[in-house]
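Peer 1: So the sequence lines, in the order shown, correspond to chains F and L. Under my numbering, the residues of the first sequence are numbered 1 to 69, in order. Under my numbering, the residues of the second sequence are numbered 70 to 223, in order.
Think of the hints as simulated: they come from the structure by calculation, not from any bench. Mixed in with the good hints, there may be bad ones.
What follows is a list of derived Cβ distance ranges for each label pair [stated by the list, open to error]: (1) F/Pro4 to L/Gly119: 33 to 39 Å; (2) F/Thr59 to L/Asp161: 30 to 36 Å; (3) L/Arg104 to F/Lys19: 17 to 23 Å; (4) F/Asp13 to L/Arg189: 17 to 23 Å; (5) F/Ser47 to L/Arg192: 36 to 42 Å; (6) L/His163 to F/Glu48: 31 to 37 Å; (7) F/Pro4 to L/Arg196: 21 to 27 Å; (8) L/Arg179 to F/Lys19: 44 to 50 Å; (9) F/Pro30 to L/Met121: 38 to 44 Å; (10) L/Ala186 to F/Glu48: 35 to 41 Å; (11) F/Ser50 to L/Arg109: 19 to 25 Å; (12) F/Pro4 to L/Arg180: 50 to 56 Å.
Which stretches of chain F does chain L cover? Using the computed rule of at least three CB atoms under 8 Å from a CB of chain L, they are [stated by the list, open to error]: (13) 5-19; (14) 32-45; (15) 57-68.
Note that beta-carbon positions come from the ideal geometry of N, C-alpha and C, so glycine has one too.
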Amino acid sequence: MTDPDLLTRYNYDEFVPAKFGPWLNFAASPPLGGLAPDFPLWHLDGSETSLAAIWSHHTYTIVEFGSFT
Amino acid sequence: MNALAERFSERGVGSIFLYTHEAHPGENYPHLTSREQKFRHARALRDTLGVMRPILVDALDGACHRAYSSMPNMSWIFTQSGVPVYKSDWTDPHSLENAVEYFLGVIERRRSGERLAPFRVERLDFRHQDQAAFYKGLERNGPKAVREFRAAFG
Chain F
1 MTDPDLLTRY NYDEFVPAKF GPWLNFAASP PLGGLAPDFP LWHLDGSETS LAAIWSHHTY
61 TIVEFGSFT
Chain L
70 MNALAERFSE RGVGSIFLYT HEAHPGENYP HLTSREQKFR HARALRDTLG VMRPILVDAL
130 DGACHRAYSS MPNMSWIFTQ SGVPVYKSDW TDPHSLENAV EYFLGVIERR RSGERLAPFR
190 VERLDFRHQD QAAFYKGLER NGPKAVREFR AAFG
């Protein structure tokens, strides 16, 4: 079941508590020590990869989440 | 973070930037409405802000970002088998450096025959706050981003 408003809510158009607040869920993040969830990701040239493919290349991998803004 | 990534790359540690959503949308970098726009903003992160690590782009609905708690600038460290060993609700190079050095040390200790068992720890780290640089970033996004941040936090 998909949420038709998800794209709009996730990509909120203004930085107001009612819109950004619900996304701050660090306390509910995956626990350390277990297998992490994997997701598809894309290189800047559009080619597809995955988070698992990325972390499998190195002894350890640092992943910083963020954006231009 | 670029310098940290370069220094640790020689020791088998990878480092990427995962592009999520616009935390402080403004006139110059508005909220995302298409995959093409998301890639355009991600390229600006490299070309304008100088992020030299590989930049990977999440789905437009933030599937990966949301699964990891959707904090705006968090960092995680994963082992090669996909086990997270560090997570931080904000990105700080000093905290990451400290953690990576520790985990690389774990490998050395095991190689030397030490028997090690994992345990959980919580720690409150401290990051440098550069308000001037932060506001400069908001201004780069557009006046709307500055107004909204001031309205939210004073």
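Peer 1: Hint by hint, note whether the structure agrees.
Peer 2: Here's how the hints hold up against the structure:
1. F/Pro4 to L/Gly119: 33 to 39 Å: For L/Gly119 against F/Pro4, whose Cβ atoms are near 38 Å apart, the range 33 to 39 Å holds.
2. F/Thr59 to L/Asp161: 30 to 36 Å: violated, 21 Å
3. L/Arg104 to F/Lys19: 17 to 23 Å: Holds: the Cβ-Cβ distance is about 21 Å, inside 17 to 23 Å.
4. F/Asp13 to L/Arg189: 17 to 23 Å: Violated, at about 39 Å.
5. F/Ser47 to L/Arg192: 36 to 42 Å: With Cβ atoms ~38 Å apart, the hint holds.
6. L/His163 to F/Glu48: 31 to 37 Å: Hint holds: Cβ distance 34 Å, inside 31 to 37 Å.
7. F/Pro4 to L/Arg196: 21 to 27 Å: violated, 38 Å
8. L/Arg179 to F/Lys19: 44 to 50 Å: With a Cβ separation near 46 Å, L/Arg179 and F/Lys19 satisfy 44 to 50 Å, so the hint holds.
9. F/Pro30 to L/Met121: 38 to 44 Å: violated, 28 Å
10. L/Ala186 to F/Glu48: 35 to 41 Å: holds, 38 Å
11. F/Ser50 to L/Arg109: 19 to 25 Å: holds, 23 Å
12. F/Pro4 to L/Arg180: 50 to 56 Å: holds, 53 Å
13. 5-19: Holds: 10 residues of the segment 5-19 of chain F have a Cβ under 8 Å from chain L.
14. 32-45: holds (count 13)
15. 57-68: holds (count 12)
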